[in-house]
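Visitor: So the sequence lines, in the order shown, correspond to chains X and B.
At position 221 of the first sequence (counting the first as 1) the number is 221 in full-length UniProt numbering, and the numbers step up by one without a gap.
At position 307 of the second sequence (counting the first as 1) the number is 307 in full-length UniProt numbering, and the numbers step up by one without a gap.
Treat each hint with caution, since some may be false.
Unchecked claim - Straight-line distance between alpha carbons at most 25 Å, and here's what the computed DSS-like set of lysine-lysine pairs gives:
| id | chain 1 | residue 1 | chain 2 | residue 2 |
| --- | --- | --- | --- | --- |
| 1 | X | 146 | B | 72 |
| 2 | X | 72 | X | 146 |
| 3 | B | 72 | B | 146 |
| 4 | X | 146 | B | 146 |
| 5 | B | 146 | X | 72 |
To be verified - Label pairs and their computed distance ranges (CB to CB):
| id | chain 1 | residue 1 | chain 2 | residue 2 | range |
| --- | --- | --- | --- | --- | --- |
| 6 | B | 75 | X | 175 | 48 to 54 Å |
| 7 | B | 112 | X | 112 | 22 to 28 Å |
| 8 | X | 202 | B | 196 | 51 to 57 Å |
| 9 | X | 44 | B | 59 | 20 to 26 Å |
| 10 | B | 16 | X | 164 | 36 to 42 Å |
Hint data in this document are derived by calculation from the structure and do not stem from the laboratory.
Even glycine gets a Cβ: it sits at the ideal position worked out from N, Cα and C.
Protein chains: 2
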Amino acid sequence: MAVKSGYRRALDIRRGVVDMTHGSGGRATADLIRELFAKHFSNDYLNEGHDGAVMPPMTNPVAVSCDAHVVKPLFFPGGDIGSLAVCGTVNDVAVCGAKPLYIAATFILEEGFPLADLDRIVGSMAEAAREAGVLVVTGDTKVVEKGHGDGIYITTTGIGEKLTEHSISGRAARPGDRILVSGTMGDHGTAILSQRENMSFGTTIESDSAPLNRMVEAILEAAPNTHVLRDPTRGGLVTTLNEIAVQSSVGMLLDESKIPVRPEVAAACEFLGLDPLYVANEGKLIVIVPENEVEAALAAMRSDPYGTNAAEIGVVTEENAGRVEMTTLMGGRRNVDWLEGEQLPRIC
Amino acid sequence: MAVKSGYRRALDIRRGVVDMTHGSGGRATADLIRELFAKHFSNDYLNEGHDGAVMPPMTNPVAVSCDAHVVKPLFFPGGDIGSLAVCGTVNDVAVCGAKPLYIAATFILEEGFPLADLDRIVGSMAEAAREAGVLVVTGDTKVVEKGHGDGIYITTTGIGEKLTEHSISGRAARPGDRILVSGTMGDHGTAILSQRENMSFGTTIESDSAPLNRMVEAILEAAPNTHVLRDPTRGGLVTTLNEIAVQSSVGMLLDESKIPVRPEVAAACEFLGLDPLYVANEGKLIVIVPENEVEAALAAMRSDPYGTNAAEIGVVTEENAGRVEMTTLMGGRRNVDWLEGEQLPRIC
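Modelling step: build the complete structure from the supplied sequences, incorporating the hints.
Guide: Here is the structure:
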C-alpha cells in the first residue's frame, strides 16, 4: 500500500474491524471519519469539519424526511443497506413534491464489524447519492458492544426544496382521480426474504431500490396537478393506499389485472405465503392524478429508466370512504384491508 | 381510562411492550404513531401525516446536524436518552451560529421494550423541544428482535437558520483570541458513569444536559465577532480544543486553575481514574472570541440559567500550532493531547 511520506494510515480497511474507540469522539473517531467516510462523501459542506453543516438559503418551502434502516441481510441482490438508506430517504423527500438536496447520516456500528463491509456500504451510499444528485453533508458514528446491534444500523435524513406551489399530500386524493404505479410491485421485500431464507426460485429476484427524484420531477412537469405521490414501502401498495384513503376520506377501486407483478415475484410470494401487494417496494411510486393528466403522467414515468412498467391500476371513488376495494382476477370484488401484524420484519 | 365512544385504544401504554408488528408499517405502526408519538409531538407539520414534513422557506443559510444516541443507562440523573437526543442536536445546530427550528427523529426499538418507558422518553423529548422552541416535524420507527438492540436507540437531525453573516467555525480561531467555557466541565460523563457503575459519591452527580440555543443567541448578540462556538461532548474539553487547534492551525494555552469543575465531579473522576477535562459535557459551550469581546460574551453567558459558572480559561497562540498546552495547578506547563482510545463508551 502506498503511504505518503510523513503520513501513516491509522485504519486497516481490508482486515480491520470496528472497535469501541471508533465511537469515543477521540482520535480513532477522527481517523475513521477521515480515512473512510470523508473519502467517499467528500464535498465542501462536509469538509468544513464542523459538528454540523451550513448550506445556502432555501427560497422554496423545505421538505424533510427521515428513516432508520435495519435491513437484514445487509447485502442483497440489487443493493445493500447503504444504497437503500440513501434511496429510501431521497424518495421520501421526492414524494413531498420536492427536489432532495442534502442527506444527514448516522451510523450505529457494532463492535467487531469488518471495516471492509463498512467501506463497501459507505461506497454504495456515495454512489446512490451521486446518482440522485444529493450531497451527504453531515454525519455521526456511534459504536455499541458486540451483541448489541446487527453490524450496522443507518439513519438518513433528507432535506429538499418543494417543486410545486400546491400541496402534494395523502390528503389530496379526489373522487374521479386515477391511481397509477410506476412499475412492478413487491420486488424489494421478496428479494430480501428470498435472500434471508436462502431460497432460490430459478432466477435471482432483485430489489428495486432506486432513487426516484428525477422521475418525480418529470411527473410534476408533465402532470402539474398531481394530487398524491407516495412510495409504497413497508406494508406495500395496499397498506399505503389504505392510508391515503383514510387521509383523503375517499374510497378506491383497484383492478387486480392491471397491477404489474413480475412472474418470478408472484411465484416466490405464492411459495412464501405472501401477497405481493402487501410487500415492500423501494423503487416505485404511487401517483394519483386527475383523469385528464393520466396520459401525461404515464408518459413521464415511462420515459424514466425506473418507470418502464408504469400502469394505471384504479380509480378514486366517493363511496366506501376510507376503504380500498379490488376487482379480482376472478371478476369478484373484495375489500383489501391494511396489513395486520407483522408480515416481513427488518425489510428496510 | 376514558375512551371516546366508537374509539378503542389499541395500545396499553402502562403494561404493554413493543413487538415486531410496531415496525411493520401496518396498522400497529399507525397505532403507535397516533397514540404515543403524535400525543407528545403534535404540531401542524407532523400532523399532516405524510412520510415527510413540509415547512416554510428558510431565507438565511441553513444549518443541519445529526446525532445517533446510544447512551446507557437510558435514564440517569438530570435527564434520559430522550432529552439528551433533543438537547444534543439542538446544541450542535446552535454552535453553527444558527437558530434551531426543526427536529427529525428516528427510533430503533428492541422487541419487548416497555411502552411505558417509550412514553416517558418521548415525553422527555417533547419537553426538551418545547424548552428549546423547536418542533419535532417528522420521524420513523423500526423494531429489531429481542437481543439486537438496547431497548432504544434514537437518532435526531436538527435543522436551523444561521443567525450571523460570518462563518462560526472551528477554522476561525485567531492568535490573541480568548477561550471561554460556559460552566463546569465533565458533569454529563461523570453522571452517566456513576450511574452505570452504581457508584454513589455522597451526592448525586447530575448530567448537565440542556438546550443552549438561547445562550448562543445572547452571545452572538453581545459578541458579534465570536469566532468559534462548540459544545465539548464526547472527548470533553481537551479533545474539542485539540480539534479546533488543528482546524485553525493555532496553538492554545489553558490555565488549569481557571477551568471550572464541580468538587464532587473532580472527586468522582479521581476515584474512577478519569480526567474531567476529557469527560463529555451535554450542556456546555466553548466560546472563542477576540479579546475586546470577552466581557460582553461572559456577561451574556452568565445571564443565561445554564451559564452562571462561565469563565475565561485560556488564550489562542501563534506558537505550537495544532497543539494545546496547559499551565497546571502546580505551575508547570504540559501538552494536553487528544483523547487516545476509548475513555467512556456509550456516553451519549
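Visitor: All hints, please: hold or fail.
Guide: We went through each hint and held it up to the structure:
1. 146/X x 72/B: Holds, at about 15 Å.
2. 72/X x 146/X: holds, 17 Å
3. 72/B x 146/B: holds, 17 Å
4. 146/X x 146/B: Measuring from Cα to Cα gives roughly 15 Å; hence the hint holds.
5. 146/B x 72/X: holds, 15 Å
6. 75/B x 175/X: 48 to 54 Å: holds, 50 Å
7. 112/B x 112/X: 22 to 28 Å: holds, 24 Å
8. 202/X x 196/B: 51 to 57 Å: At 53 Å between Cβs, range holds.
9. 44/X x 59/B: 20 to 26 Å: holds, 21 Å
10. 16/B x 164/X: 36 to 42 Å: For residue 164/X against residue 16/B, whose Cβ atoms are near 41 Å apart, the range 36 to 42 Å holds.
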